[in-house]
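Protein chains in written order, with my numbering: chain L, 4 to 117; chain C, 681 to 794.
No lab work stands behind these hints, which were simulated from the structure alone. Note that the Cβ used here is the ideal one computed from N, Cα and C, for glycine as well. Accuracy of the hints is not assured; some may be wrong.
[As the list claims (entries may be wrong)] Here are some of the chain C residues that sit facing chain L, going by a computed Cβ distance under 8 angstroms:
no.: 1; residue: H709
no.: 2; residue: G722
no.: 3; residue: G738
no.: 4; residue: N739
no.: 5; residue: F740
no.: 6; residue: P750
no.: 7; residue: S766
no.: 8; residue: A767
no.: 9; residue: L770
no.: 10; residue: F785
no.: 11; residue: P787
no.: 12; residue: T792
Listed here are the chains, written in short residue letters.
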Amino acid sequence: AQSVTQLDSQVPVFEEAPVELRCNYSSSVSVYLFWYVQYPNQGLQLLLKYLSGSTLVKGINGFEAEFNKSQTSFHLRKPSVHISDTAEYFCAVSRNQAGTALIFGKGTTLSVSS
Amino acid sequence: DAGVTQSPTHLIKTRGQHVTLRCSPISGHKSVSWYQQVLGQGPQFIFQYYEKEERGRGNFPDRFSARQFPNYSSELNVNALLLGDSALYLCASSLDRVSYNEQFFGPGTRLTVL
């Protein structure tokens with residue numbers, strides 16, 4: 004079975020500071036990895052995904068993530084955050100098979116203040 | 681193009697009642713998945729439907745059921761509601777059941793069980 008651990012439940016940062024949201028996963032088979040963002044009272048929006056190839060993945064809104072197979076990690080980073088980045092961020096994993104569901108972590112609340 | 685739509689947006693029920701939640705996928709998408717998001721947690725997979733057949737089921741009791749219609753819209757039914765069923769129910773659509781395809785999430789239905 005797969006599982007996802009988001010190591011920080013809350014991350015407070017100041018505007019224009021860099022941020023890293025940490026995600027570790029557990030799986031005995033090959034997986035795909037995703038980061039989603041959820042703004043208040045909205046559904047989830049895909050930020051980026053890792054399927055194969057380059058371990059550095061670039062997504063929307065200036066976010067990027069690095070897949071590290073040896074450390075089973077997929078940390079999300081942004082060099083300079085904005086107030087508008089305040090949201091809940093979810094790391095998710097799925098097996099690379101047809102019909103496989105997304106397994107989500109518990110989420111990290113990113114709070115950006117001025 | 682319209683995104684994934686869900687109805688109703690909010691719902692209040694009492695214990696023991698049943699509820700039906702509805703989802704319309706993005707035009708051209710044939711797969712619909714349902715997730716339950718309890719406050720403070722990440723979404724948990726309930727069902728996936730593709731071409732009107734159940735293709736995956738999460739660890740939920742038989743009180744939960746779903747179906748997909750010929751136009752690919754879907755309903756989630758929950759019988760004998762419990763207080764613990766209070767959650768945000770998210771619907772996600774994707775082109776097909778291949779796990780690397782992006783799942784597009786709707787805004788959710790907030791269910792409160794009193």
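query = Which hints from the list above does the structure break, by number from lowest to highest?
reply = Violated hints: 1, 4, 5, 6, 7, 8, 12; rest satisfied.
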